[in-house]
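Given the coordinates of chain U, assemble chain C onto it according to the supplied hints.
Line order of the protein sequences matches chains U and C. Just so you know, we're using UniProt numbering here: the first sequence kicks off at 1 and counts up by one. Just so you know, we're using UniProt numbering here: the second sequence kicks off at 1 and counts up by one.
Warning: the hint list may mix true and false statements.
Copies of the same chain look alike in the list, so a pair counts if it works inside one copy or between any two.
[Said to hold, decoys possible] Mimicking EDC-like on lysine to aspartate or glutamate, the simulated pairs with C-alpha atoms at most 16 Å apart in a straight line are: (1) Lys-107 to Glu-28; (2) Lys-107 to Asp-162; (3) Lys-107 to Glu-34; (4) Lys-53 to Asp-169; (5) Lys-107 to Asp-130; (6) Lys-107 to Glu-145; (7) Lys-53 to Glu-34; (8) Lys-107 to Glu-119; (9) Lys-53 to Glu-16; (10) Lys-53 to Glu-119; (11) Lys-107 to Glu-54.
Calculated directly from the structure, the hints in this document are not laboratory data.
Protein chains: 2
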Amino acid sequence: MASQARGVRTRRQLLEAAATTFLEHGYEGASIGEITQRAGLTRGAVYFHFASKEELAQGVLDEAVTTEGVRSQPIRLQELVDAAMALAYRLPREPVLAAALRLAVDKGVRGSLRTAWPEWIELLAGILEDAVRRGETLPHVDPGEAARLVMSSWTGAALVLDGVPDGHDLEHHVGTLLDYLLPSIAVPAVLARLDTAPGRGQRVVAEMARDAS
Amino acid sequence: MASQARGVRTRRQLLEAAATTFLEHGYEGASIGEITQRAGLTRGAVYFHFASKEELAQGVLDEAVTTEGVRSQPIRLQELVDAAMALAYRLPREPVLAAALRLAVDKGVRGSLRTAWPEWIELLAGILEDAVRRGETLPHVDPGEAARLVMSSWTGAALVLDGVPDGHDLEHHVGTLLDYLLPSIAVPAVLARLDTAPGRGQRVVAEMARDAS
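If we strip away everything but chain U, and leave its shape as in the complex, we get (with noise of 0.2 Å):
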């Protein structure tokens, strides 16, 4: 194996070992020293790839920046959807998302490291400018405001309803609560149209994979 390749595997074993660490510890309770015994590597081969915590936790944060990759459509909101449904799809599925987002709501990280809500609200705002620009929305739908709620929202499904004995995966809350706000954000000729059912997230993720190879 040539000696980059072996690199990209290396950092991708201790961003999964460190993603694991801080999804058991919190960011305050996880140390160098598990995380490089839990991904099987010396320290020397740690501090080559990243300096220290504060470093390991940010290449966690950076992967959950992945924005990118959702197929365009004839109407635009199914991108949001499809957004929203695709990354419920994939949280339980990657520790490393799911580290990033418990990182993201620790006070103490927010204040030192860059997260990836600013993005995804420009993200989900990009499409909701569209999706005004096509007559999708209804008069009074502001882009920012929208994306801020829908990303909170999401948020708050994401961290809140895995614990509720309810019997209901993350891909089901998302698309209940996407019923529930999209009726406030599409005219209904859009809202009629949309895809909100579970295994959508799951079909999305699939078309990623292989539009991406």
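Below, chain C without anything else, positioned relative to chain U:
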């Protein structure tokens, strides 16, 4: 001062010191030593009230179960609005509430301590069930589902939007959130009479204080 009153005051002092410390360092990063020092007490005084850091965290979490006290209203859905707006007004002003919120989304804490989520969801679901019986809601509304969504979206707003640079406070964000969600919950005649304007939270909290005194 009678020793019982002193005990209550010391306990309160401790919970506030613990809240500030949990907010700064998270659950795992916080130490009883720092909490003791911040409260200006001796170790002995601390252990008289709380045997462990876990008990301190549970004490902070229990303070946040303040689901009583919203005045009853001719329209039941206004009570749902009032509970959400009053909490949005209080959260930035009460470190114990803010700490409880952060502890309650900490995966480690949620696994081993009681959080206020189930009680809050039950409170909101109870209001919604009453609203359904009175014909205030649209036909599709499921009280449990709507309660979970309002609770989780409220939490997302509290955790994400305090860091977004748009100049608005949490009460404004929660008011906007309710303006987006309620058209999917309330029948139009009820919707038109609900008050979600900023300032509502402060008035509700003032009324609760008057009723309690």
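Comparing the hints with the structure gives:
1. For the identical chains of this complex, Lys-107 and Glu-28 are neighbours both inside a copy (11 Å) and across copies (14 Å), given an alpha-carbon limit of 16 Å.
2. Proximity of Lys-107 and Asp-162 under a CA criterion of 16 Å is satisfied inter-copy only: 10 Å between copies versus 21 Å inside one chain copy.
3. Taking identical chains as interchangeable, the C-alpha atoms of Lys-107 and Glu-34 are never at most 16 Å apart, the minima being 23 Å within one chain and 18 Å between chains.
4. Taking the shortest alpha-carbon separations for Lys-53 and Asp-169, neither the intra-copy value of 32 Å nor the inter-copy value of 32 Å comes in at or below 16 Å.
5. Taking the shortest alpha-carbon separations for Lys-107 and Asp-130, neither the intra-copy value of 33 Å nor the inter-copy value of 37 Å comes in at or below 16 Å.
6. In this assembly of identical chains, Lys-107 and Glu-145 lie within 16 Å of each other by CA distance neither inside one copy nor across copies; the values are 23 Å within and 29 Å between.
7. Within a single copy, Lys-53 and Glu-34 get their C-alpha atoms as close as 11 Å, which meets the 16 Å cut-off; across copies the closest is 22 Å, which misses it.
8. In this assembly of identical chains, Lys-107 and Glu-119 lie within 16 Å of each other by CA distance neither inside one copy nor across copies; the values are 18 Å within and 25 Å between.
9. With identical chains, the CA atoms of Lys-53 and Glu-16 are at most 16 Å apart within one copy only, with a shortest distance of 14 Å there and 29 Å across copies.
10. For the identical chains of this complex, Lys-53 and Glu-119 are neighbours neither inside a copy (23 Å) nor across copies (37 Å), given an alpha-carbon limit of 16 Å.
11. In this assembly of identical chains, the alpha carbons of Lys-107 and Glu-54 lie at most 16 Å apart only when taken from the same copy (14 Å versus 20 Å across copies).
Consistency with the previously given hints fails for numbers 3, 4, 5, 6, 8 and 10, ordered from lowest to highest.
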